[in-house]
Amino acid sequence: MATPGKSQNARRRDVRRAVPRPRRAWHEAWRQRDVGWAALFILAFGVVAAAVAVSVRDRPGYYLGQTVAEPVFARVQFEAIDIEATDRNRDFARRSEPLVFRPNRNLLSDVEARLSGLLGLADQPYEDLNQDYLGSVRLTPAGHELLKRYAKGVDPDGPYSPARWSDHVRRLTANLFDQVVLDPAEYRQLTDGPGNLRFFHPLPRPGEPAEVPRSAGLVRVTDDPDRVRELVETVVVQVRELPRELRRTAAAVILADLGPTYFFDADTTRQRRQAVFDATPPVSVTYRPDDVLVRSGSRLTADDLELLGAEQAALTAQRPVTRYALRWLGAAGLLMLLGLGVWAYVFAYNRQIRRNPMRGLALTGMLLLCQGIAVALTGVWPQIALGAVAFATLLGAVIFAIVYDQRFALAMGLAVTVLIVVSLRLPMTAAIVMMAGVVVAVAQLDEVRSRSKLVRVGLWSGVAMGLATAVGGLAERSFDLPSIWNVPLIGVDVSAQWGLLGRDAAYTVLSGFGVGLLVQGILPGIEKIFHVTTAMTLRELNDAGHPLLQRLAQESAGTYQHSLRIADMTEAAADAVGADGLLCRVGAMYHDVGKINKPSYFIENQGGGPNKHNKLSPAMSLLIIVGHVKDGVEMAREYNLPPAVRHFIESHHGTTLVEYFYHAAKQQKAAEDKAAPSEFEFRYPGPKPQTKEAAIMLLCDGIEGAARAMDEPTAVRLEQLVHAMANKRLMDGQFDECNLTLRDLARVEAAVTKTLCAVYHSRIKYPGGKKDEAPAEAKASA
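All the letters of the sequence shown, read from the start, carry residue numbers 12 to 793 under our numbering.
Everything hinted at is true.
Distance ranges between label pairs, derived from CB positions: (1) 90 - 201: 33 to 41 Å; (2) 293 - 50: 51 to 59 Å; (3) 617 - 362: 39 to 47 Å; (4) 716 - 387: 52 to 60 Å; (5) 96 - 355: 56 to 64 Å; (6) 554 - 387: 34 to 42 Å.
Bear in mind the hints are in silico, worked out from the structure with no lab data behind them. The structure presented is a predicted model; accordingly, all values stated were derived computationally and were not measured. Glycine is no exception: its CB is placed at the ideal position from the N, C-alpha and C atoms.
Using the sequences provided together with the hints, build the complete structure.
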């Protein structure tokens, strides 16, 4: 019926304002929080992964000693150093640099002293001198008279004076050191003779440098007496002012104990030759596109690597900046598509990551970490590239299998494989090798109950990758190349391709084994970072010797027995629906640890004594009962229990109603003629179970208490009890936030009923009403 006073158009406007316009599906999706986080992670993943991939695109994938199966061609025109010609020129210049010799200053001092000492002979008559000495120095009476004149000369500018004799001595020694006389052993050590040389003269003439060049023709050696005598006579004759009567005497004194005049200065010679070698300019050669840089079958040397590096640098320098931008945009778009596929899988099969942004960040970081490890290892050790990428991929897959499940780990292993293959531009054979290791590893990681299992997983994964490497190598490698490879340790020469194939297979096996050892060591860190609990940790927590379980057994014996019965029930129920039975058992053992603080306020610890709640109001009793959940969570944190176990403690009652004290409060309020209390006030604070295992725990906890209170727990009555309790918890909404289905609930009911029937089985009633005092024969027949 139309509203009075309003036109039809006005009424339509009111309807449009009251009824919101339907939004498009994509618009609604973008308004969701988890979609926004996923988009942010995809963008960050694409940007960072593309930056890493582009940074290594221009990195040469060659290493020293690598056998090149295909020829390497120049991609651009560039200039490079002709290493062979440059080394040839530098070596020639180094060998052409003269040798350097230092004077024998001991010989210089000795010769000067002996020549100067001849003037001492003038103090005695010729007849009184030692005739043998006079014969050795060949001093005649006329020469003796001349020495007297030199010794007693009074005119400093005259031909005979001590100063003039000192001048003769200096000129003789200077002339002597104009000649290079070498020791025979040192002479023979010089390659091809001394060649051109330079010596540092100890007594250079005025205006002359101390460093004097000489040629090989002027060198004398001390093992040739005739040449040395001729040399000394030439030295003496050059001093024309020396009287003839004293020339033979001076020559005899010099020859009396003549040694090498110079010694080879190896350090100075080496420094000068190295300086000349470094100063020689390099010889450049121009390479044009498609010129062969390295021939097929060659083993790369240091010179080859330098040439390939020069070609790569020229290619990088000639490439425009826009090319880098386009390459980065292409890589980022491609890797964002990969990230989109990863998050599509997450949205479809892993709500745990979808709902928690920190887990999404950890997932993105793990993918980038695997890429970084592969890129870093191949950059440092390119010769183990296949083993490096296999190591990075397998590490990511194993960690994902431990943290989540096998299906998710298999999908993420494929994603890591694609990421690394795209980043390093690897062949399809490498991808097959990596996936072989991922599949074998994930297939074995249903659960980790011992540390040795991780090592076995790594070893068998490595063996699988090694076999895949061998098969792929047989299909791709060219075994016709003539190169030879020397096998390390055993020193056997084999065909390079066979040797390198065996080496790659060995590296992949070692990489798998290394992953097993590494994950075994960092497993506690993985559990802490990803907030997961492995079966190995659960087995340790299930040990009755754990301090918290010991306290529970000693201070709350009834609660401990209750926990044991719950543990059996929950484990059987979890196994029936494919849940984690070990986690359920451990959670059941710790779910009531909060009762340790006030054990006597709980019926299972009262031992038939008075009930303390009789003296308390229902509200006060409620605080004590509900408080054991909070106390249990605090004790779990104190004893460092993992989050998965703490969730059992905080959710094992969910938001259920504390019925006993609620009804007591209703009766009390009715007696006082007051309004009945709200159910909300008498409910546990929660949270509700978030996992299938926690939901089973909640159900079994209530069933065990109700079954214990039954007078005649027959199989039929137990089955009815379990079904009624399950329906009650279901209708109360306690399973709304977990993934427990109705089919799972039916299987849980069957498993719990079976366990209860085993616990509360019927006994034969013997005469007298005593079940346990029958004869042995009756017990046996029963």
